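With these hints in hand, go ahead and build the complete structure from the sequences.
Residue numbers (UniProt numbering), protein chains in the order written: chain A, 1 to 1009; chain B, 1 to 490.
Don't read these hints as lab results, they were simulated from the structure.
One or more hints might be untrue.
[To be verified] Short, incomplete list of chain B residues facing chain A, as computed with Cβ under 8 Å:
#, residue
1, M135
2, I251
3, K284
[Unchecked claim] So the derived label-pair ranges between C-beta atoms look like this:
#, chain 1, residue 1, chain 2, residue 2, range
4, B, E221, A, S64, 48 to 56 Å
5, A, K660, B, F151, 52 to 60 Å
6, B, S174, A, S64, 54 to 62 Å
7, B, F151, A, K275, 53 to 61 Å
8, A, N898, B, L48, 42 to 50 Å
9, A, K75, B, F151, 22 to 30 Å
Quick caveat: nothing in here was measured; it's all calculated off a predicted structure.
Ideal Cβ placement from N, Cα and C applies to all residues, glycine included.
The primary structure of each chain is shown beneath.
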Amino acid sequence: MESNKKYWKGLEEFNKTSDFVESNKNEFAEPLPIEDVLNEAGLSTVTPRRDFLKALGFGLGAVSLAACQPAPIHKSVPYLIKPEEVIPGVPNYYVSSFKGQSILVKTREGRPIKIEPNPNAGEFNNGTDAIAQASVLDLYDVSKLKTPVLKNDETTWSKVDAFVSSELAKAKASGKKIRIVSSSVYSPSTLAVVADFIAAYPTTKHVQYDAVSYTGIIKANENSFGKAVIPKYNFNRADLIVSFGADFLGTWISGEEFTSQYMTNRNHKSLAKGKMSRHFQFEAGMSMTGTNADTRVPIKLSEQGAALITLYNAITGANLAGGALPNNVIAEKALKLAGKELLQQKGKALVVCGSNDVSTQILVNAINSAIGSYGTTIDLDNPIKRYAGNDAEFAELQNEMNRGEVAAVLFLDANPAYDVANAKAFTDGLSKVPLKISFSDRKDETSTLCDVIATGQNYLESWGDASAYEGSYSIVQPTINPIFDSRQAEQSLLIWSNAPVKEYFQYVRNNWEKNILPSIGKTWNELLQTGVFSAPAKPAGTYTFSLSLAAVAPSVLSAGKALAKDVELQVYESAAMRDGKHANNAFLQELPDPVSKVTWDNYVALAPKFAEEKGIAEFDLVEVKGSNGYSIILPVLIQPGQARGTASIALGYGRTKVGKAGDNVGKNAFPFLSFSNGTLQYATTVTISKTGGTYELAQTQTHHSFEGRDIIREASFTAFKKNPAAGTGKKEEGHKSYDLWDKYEKPGNDWVMAIDLNACTGCGSCIVACNVENNIPVVGRDEVRRRREMHWLRIDRYYSYEEGDKSISEEKEIAHMENLDNVTVVHQPMLCQHCDHAPCETVCPVLATTHSSDGLNMMAYNRCVGTRYCANNCPYKVRRFNWFNYWNDSRFDNYLNNEFTQLVLNPDVTARSRGVMEKCSMCIQRIQAGKLQAKIEKRPLKDGDIKMACQQACSANAIIFGDANDPESEVSKALRSERIYYVLEEVNTKPGIGYMTKIRNTDSLTTIA
Amino acid sequence: MSGHNESILREPLITGRDITYAKITSDILEPVENKPNRAWWIGFIAALCGATLWLVAVSYTFWNGIGSWGLNKTVGWAWDITGFVWWVGIGHAGTLISAVLLLFRQNWRNSINRSAEAMTIFAVICAATYVVSHMGRPWLAYWVLPLPNQFGSLWVNFNSPLVWDMFAISTYFSVSLLFWYTGLLPDIATIRDRAVGLRRKIYTIFSFGWNGNVKTWQRFETVSLILAGISTPLVLSVHTIVSMDFATSVIPGWHTTIFPPYFVAGAIFSGFAMVLTLLLVARKVLGLENYITMFHIESMNKIIILTGSIVGVAYITEFFIAWYSGSEYEAYAFVNRSTGPYWWAYWMMMTCNVISPQLLWFKKIRLSIPATWILSIVVNIGMWFERFVIIVTSLHRDYLPSSWAMFYPTWVDVSVFVGSIGVFFTLFLLFLRVLPSIAIAEVKIILKSSSEQAKLKQIKEGHLDKTYVKEYVESLEKFDSVKQEDYAKI
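Spelled out as structure tokens, the structure:
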């Protein structure tokens, strides 16, 4: 009810006296003496008593305002006309693809900030690799060109187009050759553009080469089965895998996909069904895949051929000459065992080999044929199209250039001045080419030698498509307007070939609507929503190898013999740096190698005993001299598991013109490659000599054994089958525990995690995903050396050694061991355990770290004064301190020290200032966003609504996150697994992260022996 | 002032034959009332250089961040908290001397308490600088105080040993300052009465109107006793709480119940060593041999043997318990201490703290000024290493071997520590110049009863047992400030 009561201020109002009526018109009953104050009388004005407080208030206010420092000015431009689809603060997701892998790009206010796997991408694309995760940083790379370049001067596109068109016309008129040099192109539209260009300039040929080549496999399949392809491998259908130096979980062909396939037979779900595949690895260097193998046998590079023949003989009963490893008895025994098991597992087995030698791969084909792999674990009818490089064609190009037959050369996603075996010969030849054009986005080793740099674009700014497998297509769509005055290469090619459709977007759309969409019955808009389509896969045919190995086996053996002198060097791709194209990506440079944990450098890996024999210690600088005369000086890393007599050096380092972060990091190993038998060879012989100096590598882990501590719990598959809780240390009746602490309710959710040690391969894509999601600073080599890397999530890698039937993991005992070849490895992702009884929380003097009611250990950065007591008291050592202002300090110039790169920051996560502690927040911003979404949709949270960045990136599904209060959630089920144990549970920290035991389906090497 | 004579069996606390009240005043005030000598200047300039180094290093740290120290993700404290605990420990002797010995009526404290208390205050200042400078955001250091605030009213964490520490240190500092200053009042009044001009005005202000009448003296005695009562528990509590910074954690090597008594003993041990380091020099340079006698030196050496042995027992107990507990982490932490990469620090600690003080069992060494002085420094080196060993070797290899790391100090770490010694000596040398280094009034109290000349008078009066006299005379042999020939005929 409305009140009609009226209160009067006084009798004057009640009586409505004329004085009152008059004065009530004014806001203030009495006139304000403003005029008096402002007139010339100034300070001599009489201030009425009743104005005293006003004057006082004004004075105070004015003084405090004047005392305020000018606040820092942050320019923000509001949307004058708000784009329909953009709501500030709400991310938009777009499908795209990166290196053929279908992805989702998360954008905020028009900025791509995170790569996530595309849920439509199919069974085995449930994660992304580290490079895809890091690729957003490439977009915001300050080292990129801002305009096109003509004869080393910045210029405009019209000038470039005029120049290039006239020069190409001249080349065409001269009838000389035009060459497009690219790494493998598997984009149907790009290939169509190239075809159109060739139509316009008929002397053009498209030369594809890959810095890391798979020509050997392609040639071998052509030879064996008449199909020049890389087949599709089905690791998920293989119960027994034998790999010869193929790092198929990491760098070999399609690591993240193979990881996902491989783990379906090894992860907790498979183990719950009592099933686990078996994996033999024979290799020289310790690869990430080798660290995951059940039985890993070091063999020299020169022994690989003989090893394959031994295996072939063991399977087929044939008697090819050279099938023996007289100097490696254990390997021979292991090979015979593998052969026996392969026969038992016929049709469910797979043999792969990392070699690029045609003969070797033919031999592998023969073995696979003998064990019935074709049609089951190997599918030649739906081949992989990501690598189509032809080493011989590229070699021929050099000859053509040297002969002066080439009038123009265009470099599309290719940097041969850096990444070919003989870059000097190539650049010499290149200097004889009149017109050189690069589509690089920066002045790199090759583009600096070019007349024109038609500044290319990042894939996040471009249109495009990809076909990673035959019949499988994905789209690339731009998620931001081109940042600089750049133009994607296809667009340039269309303009120069004077194609009828010059807009590449239109071109891609036309191409899809004409050639692809009809065959799969979808529309363009559907494509833009789902991002990926596959035509129904063709049935995989069975192929039988029927050729003679009479010529193959001797060729393989002689190649091996040629290697068997001095030190056998393996050049390999490292997990983060690969072929060096992303060398300027600071996230990747600081991603520790999965095995050696080295960042920011490459090195010579030597076996411990071999180094001892040669009198070389860790971090000694050695000169590595190749048979071709190339030599580099690199530090030595002692790598357990490395075959004695061999050395390994990673490719992708030693770039000289890539940008602030990547220049002169490590040394270039490409010149150690050699060209023989029509393909590039990644093994060679070198001499190694000490130079006398030392160089400390920046490692994130420097102690490599777990000292027999309970933190790693493992069991053999045999023991696991008898008792699923084997190795967890669980007793029949649980022991009584006592607690001094109060128990707090967790009424809503209880966020926890389960980590499957059997599934984690150690690849590190979770680390990069975490870096990108949580704005984790990159600190650079010196700071990593000082052990100050900031990663919230790390992967601990421990070596232990087999001796007899014992596993030795204590430093002191290891020091006395004779044989260090029998190394086993475990990877343990380690992050904040969100302990219910967190030791960090009790010691913070200012309550900057506290516990939430949903089980999270939280950090209030603003409250932190930086005593570091919490980090000291953390038994897991997962807290990270901001020793410096990493994002605004000229000493850390390789990451965020400029406003442009700062655009990569996730606006949902505070960038931490100096002097503040930080750590894994369990992606609290994602939890909040998920809760909000559920609230908006008026429904309870579902399991799987919220995913951690690390969990999302993991191809192996090793990380399971969810609500422990929901007994049906995936994580609750996982935590009920018999295999669960908690790291350091005896400290009674009550961690929120359970680990599942590492299971090895193994006979230890000694039992083989 | 006691009218009766003290037993002849007690050794004199003041030596010299012609000591009068006036002479005490002028002897002690000699450095305060005159221009400084060369020795002082040399010392002061050296100390000032150190203080400047400290200023440079701390400013460098504030400007660039804690990253300029050698700390890392595994070792979050090293030289900073080592320095902090070291300084707090040193401070302890001052309080023990001024408070506990007062309550126990140990009159020999009267000659050394002033300097010892000054040392306490300056040491606590040095420790406090570490509290602030080791913080990541030192400008927010006041957040550890439970102050009313506008941040949604955020409170401190009373569970955190650092908050207890903050209370302990600030209480300790205020009580020590109060006690020291109260004791100074009659002496400042003495300076005031002898000074002229500006100095007189200044000392007038600082003497708080001391007039020396009976009532003032009576109140002075009462206040001293009350403050001594308040300070006494602090001797035990402060270092107990400091030790809880470690003892309440979960880190092997820190998580130890023996820490409180062990830290207190260690603190007294290092504090007495520091008093000796300072007073042996001051005694010589300022010519105070008559007031700080061999008796004082020997007494302090005895305390050093006692506390050093307690500390030694604590070290061994820790080892025994590490083995006896059956905890592999604990056991490893201790094996690692003695044989790991920091073995040299551990054995440095063992040698300096446990083995070398045992030399003081020999009377000859106990009474040798050079030997005592060297040992006093050795003890403090050892005590620094003790804290380094506890902090760094426990942290650098704790639970997960993946995070094991080494700590390497930078020039800034070293400069802050060396600089803090400079700050300490700057303050101490300034103190010697402006305030009496020995409590004048308190020494005068014992002149009539416990001085050499009082005892000589007793002997001359001749009512004493000859054997007692003989024993007394023999006890004088160790005094370098006694003219031995005077007693030749007695």
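Which hints, by number, does the structure contradict? Hints 3, 5 and 6 contradicted; others consistent.
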